[in-house]
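> Since each chain sits alone in its own frame, please combine them into the complex, following the hints.
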Amino acid sequence: MLTKRIIACLDIAEGRVKKGTNFENLRDAGDPVELGKMYSEQGVDELVFLDIMATIEKRDTFLDLVGRVAKEINIPFAVGGGVRAIDDIRNLLKAGADKISIGSAAITNPDLVSRASQEFGSQCIVISVDPKREGNSWKIYIKGGRERTNIDAIEFCLDMERRGAGELLVNSLDRDGTKRGYDIELLRAISQVTNLPIIASSGAGKKEDFLEVLTETDVSAVLAASLFHYQEIKIGDLKEYLKSNNISIRI
Amino acid sequence: MTREQKICYPALKENYNMIAIIKYNAGNVASVANALLRFGFECEITDDPEKILTADKVIFPGQGRARPAVKDLKRKGLDVIIKKIKNPFLGICLGMQLLLPFSEEDQTECLEILEGRVKLFPNDERIPQIGWNEIIPTKDCQLFVDIQNPIYTYFVNSYYVDTEEKNILATYEYGKTKAAAIIKKNNFYGTQFHPEKSGGIGLKILENFLKL
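Sequence lines, in order, name chains A and B.
Read in our numbering, the first sequence has 125 at position 125, and its numbers run on one by one without any break.
Quick note, our numbering runs 251 ahead of the 1-based positions in the second sequence.
With the rest of the complex left out, here is chain B (with noise of 0.2 Å):
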């Protein structure tokens, strides 16, 4: 049994309200798992279209490089079945660049889910971005109920989302630059930290995520 089977937890019967956490080449899945663990919500990692389409709640979670992750996505024929999911979404990091159309990271056609462009930070600051950075909430959200100013979270990239305000729920600033911190388009979140690296506010943002 490897570790990542570990801390799968198949769905016990049909109408079982399972969180899917999408498997891809480009996930630090056992981290947004050992999270979910932690306050009792059991999930299944998976790649598999049908669970995917039926979870209550799909976690994208990401680390890694734009190109592969998508041509690993495209040949599970995963960015189509991304597209038609109705219920809530979250893409952490990586997983949230994906959702818009284009990455300046190796070029990238993304999935194009909201409008928006992902671009490498300015080099007059250290990339990566690597720590804790505050976001400030742009709009009212279930994502931010019971959560006190300052927010904290822990950040690790060197891209940055770049949408429309409409789109946006919380920003963050890394030296000059302004970005998206939180996004929302229809059921679609995307957090551009780490939530199940952010400690307890970011574990009640996660919690707050599976409560929507």
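So here's chain A without its partners, still in its complex pose (with noise of 0.2 Å):
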């Protein structure tokens, strides 16, 4: 049976993790491939990697990360930020990532994704929208939530089944941050209407928003990114917890 997935999401800024972390058992705890190494032995089942700052400038350092990520890490991952053009993934492909996350330019130009998922597999391009709720639907906002599109969610996620893509990474912007829990109404309303397989993202407080997540809809993965850095969740006891729970879960 296949089991759902736990991934952990780091933010990096010029090849390092942004923000600071307290793990007390790492020598350097800004390293994102430490970080991903420990993650990997805690038993997440998949890692994302964000470079949030993207600029044409600090390309290199970011496809530098890439590779070692590649060399020391066995499990899968993936990685986005400033993702544009067909040359930039096959850049990170090559690199060695495993999935590449679209945002933006897949609003921009829907059409990459199309090309993207012809030369290269449907099952390493991952399609990350910023939905918010306006009164009975979602509309897609891009450049990290600052601006708003007059597309709907639903039907922007059907396009980017028809074009191709592998999975949605459905973020909620107004969860993100929250520790509300996740957007179970967003996330059932995109679950309900394709057949691609979507990663639960935003608003992840504790571990009952985890169960009530993945009890709730028919979620592949749920992801997170402080609170794992800031260990107030760990990912074994989480795991645990689950499993306890009834849900199919690697252990």
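There may be inaccurate statements among the hints.
Said to hold, decoys possible - Quick look at which bits of chain A chain B covers, simulated, 3 or more residues with Cβ under 8 Å:
#, region
1, 101-112
2, 171-180
3, 227-238
As the list claims (entries may be wrong) - Selected chain B positions facing chain A (Cβ under 7 Å, derived; list incomplete):
#, residue
4, Phe290
5, Gly328
6, Ile381
7, Tyr405
8, Gly450
Hints were generated in silico from the structure; no laboratory data involved.
Heads up, the beta-carbon is just placed ideally off N, CA and C, and yes, glycines get one too.
Structure (structure tokens):
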């Protein structure tokens, strides 16, 4: 039976983990490779490395990092941030990334998704969306949630599926950073219309939030960032908790 | 120097026990090479028929689509070469599926090394299957030495291998579908999952293969 995935997301700026972490057992808690390795040892199922600065000048720093991660960590990992062109995707895959997360560019240039899935295969194309609620529907935002578009989130996810995306990473601007739990209604609405695997993101604050989204919706994976970095929840404890609540989990 | 070349370790002397990773347009060759390097096995990523035929072990990784992969193999003459390999051979993911006679992906004629068919998962499941699934060994095999149950490995696939039971070493279930996780015929092995991405257990399975 396929297990539900627990994914840790690391925000990277200039090759370093953005915020300080309080892992005492790490020589260098700001080193994404060290942190990734530790998560991997704790049993995380997958990692995401997001280049949050993503300037062209700093591109090589990020590529070098991706190469180091690929050499030292043997669980799957996705990378994203500033992916705009086929060449960006090719370079990141060559450096050893398993999947590429495409954000704003999927909205401003949806043909990129069609071309990328044709050229590299659907399995490595993850679409990251930032929906925000408006009445009974959700609109897509771009540029890290700063700019509203008129695009309906559900319609957009269906379009991405048609274009060959392999997976949807669904954030929620209503829940991001609130620790009030995942956006169940949004995730349910998207998972009911698409057949793609969905990664739930934004809003996790406690173990129960993970259990709720995995029980109430048909998402395939749950993602969190600072919650894991600050060890508010340990990955091993979370997995034990979910398993004891009859969620299919790899221990 | 490209990133790929950096991790190539060419044969240093004639009797060198070389592991060949087949180079074609559907590989995640770097991941496999990285995994082997991690426990000290050196390898060469190559499409040279001579090197592939004389290698001690051959690994055939795969990620991508069946039709362009077969087309590229044929263009390089590797479809014929692969069938002549006598040493242990491991096809991974698409590399395993290409060992069958036919794939429903793009309706593609494949290598026909063992019987069966590559089929699309029924659409009441999320496609592709992505994630860690438990594999259940169905026969004793060297690949499972020093590995304890439960065995979770990482899968990414929209298509699955349907083959005769005699060819199957382990199975997995995705929704209502029960499929081959590991297959074997003579010296040809295949894993639907990615051992190079399956943590410590995956590395152990790879290591056991290299010790065959």
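> Would you mind marking each hint as holding or not holding in the structure?
Results of checking the hints against the structure:
1. 101-112: Coverage by chain B is violated for the region 101-112 of chain A (0 residues, Cβ < 8 Å).
2. 171-180: violated (count 0)
3. 227-238: Since 0 is below three, the answer is violated.
4. Phe290: 10 Å, violated
5. Gly328: 24 Å, violated
6. Ile381: 5 Å, holds
7. Tyr405: 6 Å, holds
8. Gly450: It holds, given that the least Cβ distance between Gly450 of chain B and chain A is near 5 Å, below 7 Å.
Figure legend: structure checked against the earlier numbered hints; hints not met, in rising order: 1, 2, 3, 4 and 5.
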